[in-house]
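Colleague: The primary structure of each chain is shown beneath.
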Amino acid sequence: MDTDQLIRSLAADNAHRAPRVGAVLTMALLVAAPLSILVFATFLGVRPDVMSAMRNPFFDMKFAVTLSLAIPAIIVSLHLSRPEALLHGWGWLLLLPVGLLAVAIGGEMMMAPAMPMTMRMMGKNSRVCLVAIPAMSLPLLAGALFGLRHGAPSRPALAGALAGLVSAGLAATLYASHCTDDSPLFVATWYTIATALVTAIGAAIGSRVLRY
Amino acid sequence: MRGREDEWTGLMRSAMAGDDAAYHRLLKAVTPVLRAAARRGLARAGQPPDQAEDIVQEILLAVHLKRHTWDSEAPFAPWLFAIARNKLIDALRRRGRRIFVNIDDFAETLPGEAPQETASAGEVAAQLDTLPQRQRDVLQSIAVEAASIKDTAAKFSMSEGAVRVALHRGLAALTAKLRDH
Chain A
1 MDTDQLIRSL AADNAHRAPR VGAVLTMALL VAAPLSILVF ATFLGVRPDV
51 MSAMRNPFFD MKFAVTLSLA IPAIIVSLHL SRPEALLHGW GWLLLLPVGL
101 LAVAIGGEMM MAPAMPMTMR MMGKNSRVCL VAIPAMSLPL LAGALFGLRH
151 GAPSRPALAG ALAGLVSAGL AATLYASHCT DDSPLFVATW YTIATALVTA
201 IGAAIGSRVL RY
Chain B
1 MRGREDEWTG LMRSAMAGDD AAYHRLLKAV TPVLRAAARR GLARAGQPPD
51 QAEDIVQEIL LAVHLKRHTW DSEAPFAPWL FAIARNKLID ALRRRGRRIF
101 VNIDDFAETL PGEAPQETAS AGEVAAQLDT LPQRQRDVLQ SIAVEAASIK
151 DTAAKFSMSE GAVRVALHRG LAALTAKLRD H
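So the sequence lines, in the order shown, correspond to chains A and B. Going by UniProt numbering, the first residue of the first sequence is number 1, and it counts up by one from there. Going by UniProt numbering, the first residue of the second sequence is number 1, and it counts up by one from there.
Treat the hints as calculated values from the structure; they're not laboratory data. The hints are all genuine.
Pair ranges (Cβ atoms, derived):
1. B:VAL165 / A:SER207: 30 to 36 Å
2. B:SER72 / A:TRP90: 17 to 23 Å
3. A:HIS88 / B:GLY3: 24 to 30 Å
4. A:HIS88 / B:ARG94: 26 to 32 Å
5. B:THR130 / A:GLY89: 41 to 47 Å
6. B:GLY10 / A:THR42: 51 to 57 Å
7. B:GLY96 / A:VAL98: 37 to 43 Å
8. B:ALA154 / A:LEU86: 45 to 51 Å
9. A:ARG211 / B:PRO48: 21 to 27 Å
10. A:GLY89 / B:GLU160: 44 to 50 Å
11. B:PRO132 / A:ALA102: 54 to 60 Å
Where a beta carbon is used, it is the ideal one built from N, C-alpha and C, also for glycine.
Pulled out of the complex, with its shape left as it was, chain B reads as follows (with noise of 0.2 Å):
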């Protein structure tokens, strides 16, 4: 347990020095661990542990537009932890329970659990086609379709920063989004 943590922390450290595959391998990896602790959540509050992906999605929209606020001199798990405990008890109460989400939730994963495979995922693509085209189209290209910000500036006639701008424009919209509705 410690030895992982201890690796999330040096992921999230490059990552942040501009390590864009350290980043990738850091959200990977969380996010098994992520989505056992949701569909916990879920199970608790006496929810279809199907909806556990949206959580996690969330979650990791959460931690991405918030990873400024991460200290790089302190541990990264108890950040994570505490912004996936947040993201997971707003998800309960919009859900109309109230319930108490224990920390432990996330720091324990069970050996004898199987990691879950993706599931599908609702409420990100439906609010993926509330957003305005371009950042839509930007979204699409980058995420579903897996072309790099050259490819998608090319295909689109953008230059790579407006790229970049729709991208992080419409990944945060997405998260207000989610947030709000």
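Looking at chain A on its own, in the form it has when it is part of the complex (with noise of 0.2 Å):
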């Protein structure tokens, strides 16, 4: 086929219309969060002193980082999906759960602890910690490089790490809930190697399944 024959083709196609990938990364995902929701109520469940728990600061502030990863994660990913797109300034985005939780730290850093530091930081569920967060992330990645490879991102292990933060955020904002270790400095250490392991994933996938 010569080239004129293929751009005769391409033009008689031009009717046909996709959906932007906003559209389908939202779709992608709320198809999979049910399978999340379900090892969560399966396995995990919300914890029992729940609401006498949300008048803890720090119970609140793990919703404020796991959201604060997630939220940004996507609209990062979204901007990348376009060929054309740059991470430049937009890196700084992805910074502001790191910043919450170091303002979290040296809150609670300032106030009488009830507790060691080390034991604080050690908790008692730091190994369901790191298997209930890249678990329930999975669906969600599925979901994310599924919707991200409706996109053109120029660096596919970038474009697949960020779909890691969008699942490990989301699926870490579950585990929040269930959670009994509040502090951040718990936080800071489980989550976030919970959080590199399921970026890693993303990217390792992301390199192969996000070329277009």
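Dock the two chains into a complex; use the hints.
Modeller: Pasting the structure below:
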């Protein structure tokens, strides 16, 4: 087929309209979310003392941190789904949860500690955290990768890593309502390790499936 | 240069608004620029320039299938050159070379460079043969025989909608095969 013939067939297909990447990503995440919620409801569930926990600012802070990861990651991943887009200033958005955590850790330091620092950091749920966040991430990661496949990222591994951040941020939001460890030191340690794991998986898969 | 790129942006806006003729003109207009850049990229990688047409066709397919990622408020050329650069790097890598592709390869067409006429491109044609019968028939009819969607539908006793679906699926399948082979 010569190029003129190919162009003729492309022009004939001009009526075909694809949805925007944001719409496909949103749909894919909405389809995947029930699976993650099912894992959550089956194996974890909301902590029993949630009503009193909500009066603890460090409990609430966990959601601020996880959502400040997930939402900017969605925004940046959509930006990068355009072929000419560069990360440039957009990367700063991803430091939002880091900043929040630093403020929270500082805040906790200034209060009279109920437990020694190492105990707050190690917590009681580190192992559950390391399994639960990646496990709940996987359906969301699949959804995020599916959605971003609709785009045209110039750096597939980076886009895959962002899919990992999106899914880990959302999964960690669910997990935060289960976990009784509220110290920002615990969050900064174990949530971060779990997120890094999911991000690495996302980058590895993304480098293969997000090429266009 | 500026005028040419503004014209492309205008054509692409019309194309996205449903003007098939504008889309056809746009693709015809960008092809010589893509071809020159592909030949330069191949030459710099020490590859024979006769593969340029395969790369041009891959770029055109990607442009077509990813045009929903173009922001109609943004100029068209940077978006086009980003896709072209990506596909050129991919193609050179598949041929075993890593090479730095300069974005300026696309932005500047040297005036002395005679636009090469359409050369043979083997890859799309080869992958075409691996498509399901129906998609191949529809693509052949519309691309090679220059039949309209309506005439193609009549020829194969299909609805026009079915022809459109087969055409789009065929183009998407071609792109996937070229990327993964």
